[in-house]
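Novice: Chain residues, written in single-letter form:
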Amino acid sequence: GENVEQHPSTLSVQEGDSAVIKCTYSDSASNYFPWYKQELGKGPQLIIDIRSNVGEKKDQRIAVTLNKTAKHFSLHITETQPEDSAVYFCAASIEYSWGKLQFGAGTQVVVTP
Amino acid sequence: GAVVSQHPSWVICKSGTSVKIECRSLDFQATTMFWYRQFPKQSLMLMATSNEGSKATYEQGVEKDKFLINHASLTLSTLTVTSAHPEDSSFYICSASEGGSYNEQFFGPGTRLTVL
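For the record, the sequence lines run as chains C and U. Just so we're aligned, residue 1 is where the first sequence starts under the working numbering, counting upward by one. Just so we're aligned, residue 1 is where the second sequence starts under the working numbering, counting upward by one.
Extracted from the complex, chain C is given alone in its bound form (with noise of 0.2 Å):
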């Protein structure tokens, strides 16, 4: 089955830099990459998605890339914002699977102001 890694476990940042996490899959039959950020106490948000047929696909600050031939994808956050602190995880999919996701380990991210 699909396994997903994702680096680093934890990412601390001053306020204003970027960050930037990122995540290798394993099943080439997997076509969507979501990304989610879970705040304490609280449900994960899908905060940025990508299907295989694009490289790359940006939201205000937030910005997510694909490579499939080498089967990573990362998210970019810029100028980050204290409000940005959170976990982060990525999670891929195979299409017509129910929409069966399978998770990273997530990422820690702290930005200090």
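In case anyone wonders, no lab produced these hints; they're calculated from the structure. Note that the coordinates shown come from a computational prediction; the quantities given were computed from them, not determined experimentally. Careful, some of the hints might be misleading.
Said to hold, decoys possible - Derived lysine-lysine pairs resembling DSSO-like cross-links, with alpha carbons at most 27 Å apart:
| hint | chain 1 | residue 1 | chain 2 | residue 2 |
| --- | --- | --- | --- | --- |
| 1 | C | Lys100 | U | Lys55 |
| 2 | C | Lys57 | U | Lys14 |
| 3 | C | Lys100 | U | Lys14 |
| 4 | C | Lys42 | U | Lys20 |
| 5 | C | Lys100 | U | Lys41 |
| 6 | C | Lys22 | U | Lys41 |
| 7 | U | Lys66 | C | Lys71 |
| 8 | C | Lys58 | U | Lys20 |
| 9 | C | Lys100 | U | Lys20 |
| 10 | C | Lys37 | U | Lys41 |
| 11 | C | Lys100 | U | Lys64 |
With chain C fixed as given, assemble chain U onto it according to the hints.
Specialist: Just chain U, lined up with the frame of chain C:
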């Protein structure tokens, strides 16, 4: 749009009792719902996948007789933890998807279960 609610948000129960958690999609029809368990500082672990009107599919290692899942309508799924024990204490999160080729899952706020 795409709002998923869970009830209750937290529950404390005695060992041996059963607890029911509800998951509702408020503004869309959820063909498929998922139940996850999350221990502190860990990732989400999928417990089961349920499609409306059919039996849930459980992940390996998840006891179907202990974690009863019902998905009777397109907007409601329930998870019942039967004969709960302290080791069942966890954060339970549901998610909902419209299914088909759209894989987006929208997550509920989670339910914190503490078994004494």
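Novice: Give a verdict on every hint.
Specialist: Hints and how they fare:
no.	hint	result
1	C:Lys100 <-> U:Lys55	16 Å, holds
2	C:Lys57 <-> U:Lys14	48 Å, violated
3	C:Lys100 <-> U:Lys14	33 Å, violated
4	C:Lys42 <-> U:Lys20	19 Å, holds
5	C:Lys100 <-> U:Lys41	22 Å, holds
6	C:Lys22 <-> U:Lys41	19 Å, holds
7	U:Lys66 <-> C:Lys71	37 Å, violated
8	C:Lys58 <-> U:Lys20	40 Å, violated
9	C:Lys100 <-> U:Lys20	23 Å, holds
10	C:Lys37 <-> U:Lys41	14 Å, holds
11	C:Lys100 <-> U:Lys64	18 Å, holds
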